[in-house]
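J.: Got chain C; can you put chain H on it based on the hints?
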Amino acid sequence: TQLLEQSPQFLSIQEGENLTVYCNSSSVFSSLQWYRQEPGEGPVLLVTVVTGGEVKKLKRLTFQFGDARKDSSLHITAAQPGDTGLYLCAGAGGSQGNLIFGKGTKLSVKP
Amino acid sequence: GAVVSQHPSRVICKSGTSVKIECRSLDFQATTMFWYRQFPKQSLMLMATSNEGSKATYEQGVEKDKFLINHASLTLSTLTVTSAHPEDSSFYICSASKQATYEQYFGPGTRLTVT
Numbered sequence: 001t002q003l004l005e006q007s008p009q010f011l012s013i014q015e016g017e018n019l020t021v022y023c024n025s026s027s028v029f030s031s032l033q034w035y036r037q038e039p040g041e042g043p044v045l046l047v048t049v050v051t052g053g054e055v056k057k058l059k060r061l062t063f064q065f066g067d068a069r070k071d072s073s074l075h076i077t078a079a080q081p082g083d084t085g086l087y088l089c090a091g092a093g094g095s096q097g098n099l100i101f102g103k104g105t106k107l108s109v110k111p
Numbered sequence: 112g113a114v115v116s117q118h119p120s121r122v123i124c125k126s127g128t129s130v131k132i133e134c135r136s137l138d139f140q141a142t143t144m145f146w147y148r149q150f151p152k153q154s155l156m157l158m159a160t161s162n163e164g165s166k167a168t169y170e171q172g173v174e175k176d177k178f179l180i181n182h183a184s185l186t187l188s189t190l191t192v193t194s195a196h197p198e199d200s201s202f203y204i205c206s207a208s209k210q211a212t213y214e215q216y217f218g219p220g221t222r223l224t225v226t
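Keeping their order, the protein sequence lines are chains C and H. Here my numbering is used: the first residue of the first sequence is 1, the next is one more, and so on. Here my numbering is used: the first residue of the second sequence is 112, the next is one more, and so on.
So here's chain H without its partners, still in its complex pose:
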């Protein structure tokens, strides 16, 4: 199997606070993990790619100081949205891929609402 979990599934926070989202590959080791953002009725927008033990590679236009990514192990990556603002409200999805394959297995997503 290839199961990816995400926690929390929903989170509501106040403007100015930080929120951490966890992404775990439950039954395989993920050499690479990806973080996406998805707006309503739209496709996925890649935010960053992270490999275990190294710095994440951010896509153009994504602020690395605002969206902190840590990939401490082959089964866990975290995304921290710092000083969140209402415009950061979105559906955040992570995915993980096994070594030597382009197939990505997605988590169930996290709905972030910033009030």
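Okay, chain C solo, but in the shape it has when bound:
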């Protein structure tokens, strides 16, 4: 059974601070997606990483896929209150295209 361990589960920081969220697994994934979800809404796709060692940047967000494609990280620089939400990593591994989701990181950025 493929599992994605996501940490930390909760994160409360002040505006302007940096943070990193981690997703780790003992399994190899062909790709990994990061989503952000706000309360009462569906998750929104932020990025997909495919190649081992790949780094993608989305404004203040930096996503990295591990060399062995077993882990990934999301780094946010100078967090803002608008970054508040639930961040989910999801690995592609199912035979029907289904994703394996981490348990999520609930981020709260206080002004």
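Simulated from the structure, these hints should not be mistaken for laboratory data. All figures in this text were calculated on a predicted structure; none of them were measured in a lab. Possibly wrong hints are sitting among the right ones.
Within a straight-line C-alpha distance of at most 25 Å, the following computed DMTMM-like cross-link-like pairs (lysine to aspartate or glutamate) qualify [unchecked claim]:
#1 C:K57 - H:E214
#2 C:K106 - H:E214
#3 C:K56 - H:E214
#4 H:K125 - H:D199
#5 C:K56 - C:E17
#6 C:K59 - H:E170
Pairwise CB distance ranges (calculated) [said to hold, decoys possible]:
#7 C:P81 - H:K131: 33 to 43 Å
#8 C:L58 - H:P219: 34 to 44 Å
#9 C:L58 - H:L179: 21 to 31 Å
From the three backbone atoms N, C-alpha and C, an ideal C-beta is built for every residue, glycine too.
T.: Here is chain H on its own, set in the frame of chain C:
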């Protein structure tokens, strides 16, 4: 774009009745659609995977006779919660994926409350 809509966004029903939730991919054809359930402050729990024109594949522990899934076209899937009970109250989210990609595009979710 990749927009997925869900209807209704909120529904309140009485115990014992059935509720149908629609999921539509608005600007692309979805070869596969997924149905999730999400409890407060928790991650998504996959309920079932459906491909157009074929029977849905249900995850372990999900009753297929209670949660009926129909995927009649490449742009529409429906989830019917039959004989709903208060414990079925939850946030139901669908997603759709394009052919040959693992990326899923999520609908805005449906908040179901069973009284």
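J.: Hint compliance check: list the failing hint numbers for this structure, sorted ascending.
T.: 6, 8 and 9
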